[in-house]
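Undergrad: Given the structure of chain B, go ahead and fit chain G onto it with the hints provided.
As given, the protein sequences belong to chains B and G, one line each in that order.
The first sequence runs contiguously to residue 361 in our numbering.
The second sequence runs contiguously to residue 905 in our numbering.
Keep in mind that the hints are not guaranteed to be accurate.
Unchecked claim - One side only, chain B facing chain G, incomplete, derived with CB under 8 Å: (1) Asp108; (2) Val110; (3) Pro182; (4) Ile209; (5) Arg293; (6) Pro303; (7) Glu314; (8) Ser316; (9) Glu317.
As the list claims (entries may be wrong) - Straight line, CA to CA, 30 Å or less: simulated DSSO-like cross-link-like pairs of lysine-lysine: (10) Lys699(G) / Lys716(G); (11) Lys298(B) / Lys767(G); (12) Lys762(G) / Lys96(B); (13) Lys661(G) / Lys896(G); (14) Lys298(B) / Lys762(G); (15) Lys762(G) / Lys194(B).
Keep in mind the hints are simulated off the structure, nothing from the lab.
From the three backbone atoms N, C-alpha and C, an ideal C-beta is built for every residue, glycine too.
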Amino acid sequence: MDSKTQQSRIPSFSESLSQTAVQAPDSATAPENRDPVVASPIREFLAGRGSSAFADRWFRGLMVACALSIFAIVGLIATELVLRSELSLKKFGVGFFFHSGWDPVAGNYGAWPFIYGTLVSSLVALVIAVPLAVGLAIFLTEMCPRWLRSPLAFLTELLAAIPSVVYGLWAVFVLVPLLREHVNPVLAKALGWTTLFSGPNYGIGMLAAGVILAIMILPIISSLTREVMSAVPHMQREAVLALGATRWEMIRMGVLRNARIGIVGSIILGLGRALGETMAVTMVIGNRPEIAKSLFAPGYSMASVIANEFSEASDDLYLSALIEIGLALFLVTIVVNALARVLVWAVTRGAPARAV
Amino acid sequence: MKAKSILTAALLVCTASAGYAQKLNGAGATFPNPIYSKWFSEYSAQHPGVEINYQPIGSGGGIRQVTAGTVDFGATDGPMSNEQLASAKVKVQHIPTVLGAVVPIYNLPGINQELKFSPEVLADIYLGKITNWSDGRIEKDNPGVKLPNTEIIVTHRSDGSGTTFIFTDYLSKVSNDWKTGPGANTAVSWPKGLGGKGNEAIAGLVRQMPGSIGYVELIYALQNKIPYGAVKNASGKFVKASIEGVAASAAAVKMMPADYRVSITNQVGGDVYPISSFTWLLVPTQGLDPAKEKVLKDFLGWMLEHGESEASSLYYAPLPASVAAKVRTTVAQMK
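For reference, chain B alone in the conformation it holds in the complex:
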């Protein structure tokens, strides 16, 4: 991911990147090469291993197989999802994806409230997490005192390592009461007119799901953004500063602009986690397949309904409908990723040195 974004970055500093790429192995072998008389172990190995054409062909074949396995895996998942959801695909057709209603007793199924819940909770998560994550990354790479840098980076990465069920429990016992008693009333008072923050306040609901997802994707976005930003060559920063820019202008024009593809990439990765997150969301979203305008209202997500109902789904149509929800999640992920790529393309088409 990282190396890919680095390679596809704007030509202006691809040069400097390739330079660092060459430098790295050099510095690693430097002590060995200091004295040309001493035989290097690498040289010895290469001399003794036989035909290089043979080795190269094998290596190439192996790597191609690795790459092609992705097609095989995605293909297998897609076929399996389609085959297993045949019953519901036949019964409901394409309408399944746009129909509201989930009644296992009557055998009436539709995925729309779940698709809506997944998209909205992920969107809320991005709205909260992206500014926070980018801000954190800017602080870490550009202005953080050295002694604070590693504890902060360590803590962010620690957040990424916490299992989602632990996040869920924390949300149930800490976040939800906090939202219900302190945050939601304030939101309702200040922004109630938008209807986004109105209606009965249970604490659990779409907003709680969005907030917990935001906390979960924050470390992914911020640590990747940090990596990308620290890969921006110092010359860029110095050049902008030399032109008389303030620190913020330097960050905006010298760093963020050059790192933007990587940042969008990290946001896409975070979004991917948010779309598929199951456990923590199930515990706080309220599990109600309904589309409500208010973020206080309970909702439902695709991953949650599968996790909730799969084990007890005994009749064939029910099971088939649940698998079709899986198919819907698969398709939504593809569409969202495709849209994000189009967005990246649209953003990066522009000239490299505009002061946005």
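TA: Chain G alone, transformed into the frame defined by chain B:
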């Protein structure tokens, strides 16, 4: 104890290599898993060379796997439907093992008396027709209790579960609107309310939100000391759930069908707790390896003789004597 289990394990390994070991695999309901695990490990300890594995994957999974022949026996909290039985590749017999019950829990700060619910009120709360605790119909059930003027926050299980099956089966029997509306199933289309995954989530939601109501398994309420309300039974008496009340509702079944697929919610009888149910083992009646069949039959006999008496220590209601006697005959008649 540990030494003993190591010994059994060692014995099992020995017998396995000698080719005597008999290994049975079962899967299904999660609700009876604690008692099943206890039974299977005790039975294996007493019968060297026999190993019974049970995977609590849910009733739906249990039904699917046993009827497809991928496991040697299944287990379910809700009886199989006629269509399921008809379309099953492997024919199965339902064997009731223990009983469970579902209790209404609520959170009303300042109310120290125990609340009473009549069936219609419970149904209408879940249908969204009664929305406030100070509703006249709730007050009528609870004379002398000063009910607050607060909104009722309805909570229900979001995961498919036997608990939901028992509860909705009961509501279908006591309310026509429920029967023609949401109906009875392990998961239904709830007219209102917040969903929580598992008993613990429902207990957590109810504990946190004043004015909320929910339902959990009796075992869960007893083990975690969660207060719960009494429910009016079909004889017009308010009964608080207990192991005895649950057993009484099984004993009250007049015509026990030969396949034991019977709902025992809303039974008539003074001590009956109305929201009770059997949980069943699903035993294949054909196509099973004779050696395995022998072990399974022997286990069922052991369960009736020794296992049942251990049920109440884990808060399950054992089969009442009348039902146990009938099951014994059924097991004896199995080939």
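Undergrad: Please go over all the hints and tell whether each is borne out by the structure.
TA: Status of each hint after checking the structure:
Given the 8 Å rule on beta carbons, the hint for aspartate 108(B) holds: about 4 Å separates it from the nearest Cβ of chain G. Hint on valine 110(B) holds. Least Cβ distance to chain G is approximately 4 Å, under the 8 Å limit. Using the Cβ-Cβ criterion of 8 Å, the hint placing proline 182(B) at the interface with chain G is satisfied: the shortest such distance is roughly 6 Å. Restraint check, isoleucine 209(B) versus chain G: the minimum CB separation of about 6 Å is within 8 Å; hint holds.
With its C-beta approaching chain G no nearer than about 6 Å, arginine 293(B) sits inside the 8 Å limit, and its interface hint holds. At a threshold of 8 Å, the smallest CB-CB gap from proline 303(B) to chain G is about 5 Å, leaving the interface hint in force. Interface restraint check for glutamate 314(B): the shortest CB-CB distance to chain G comes to about 5 Å, inside 8 Å, so the restraint holds. The criterion of a C-beta within 8 Å of any C-beta in chain G is met by serine 316(B), whose closest approach is roughly 3 Å, and the hint holds.
Interface hint at glutamate 317(B): satisfied, since its Cβ lies 3 Å from the closest Cβ of chain G, which is below the 8 Å cut-off. Note on lysine 699(G) and lysine 716(G): the hinted pairing holds, with a Cα-Cα distance of about 21 Å set against a maximum of 30 Å. Straight-line distance between C-alpha atoms of lysine 298(B) and lysine 767(G) comes to about 24 Å, which keeps the hinted pair within the 30 Å bound. Of the supplied pair hints, the one linking lysine 762(G) and lysine 96(B) holds, its CA atoms being roughly 27 Å apart against a limit of 30 Å.
With a C-alpha separation of about 20 Å, the suggested pairing of lysine 661(G) with lysine 896(G) holds against the 30 Å cut-off. Taking the CA atoms of lysine 298(B) and lysine 762(G), the gap is near 16 Å; set against the 30 Å cutoff, the hint holds. Among the hinted pairs, lysine 762(G) with lysine 194(B) is consistent with the structure: their alpha-carbon atoms are about 26 Å apart, no more than 30 Å.
In this structure, every one of the numbered hints holds.
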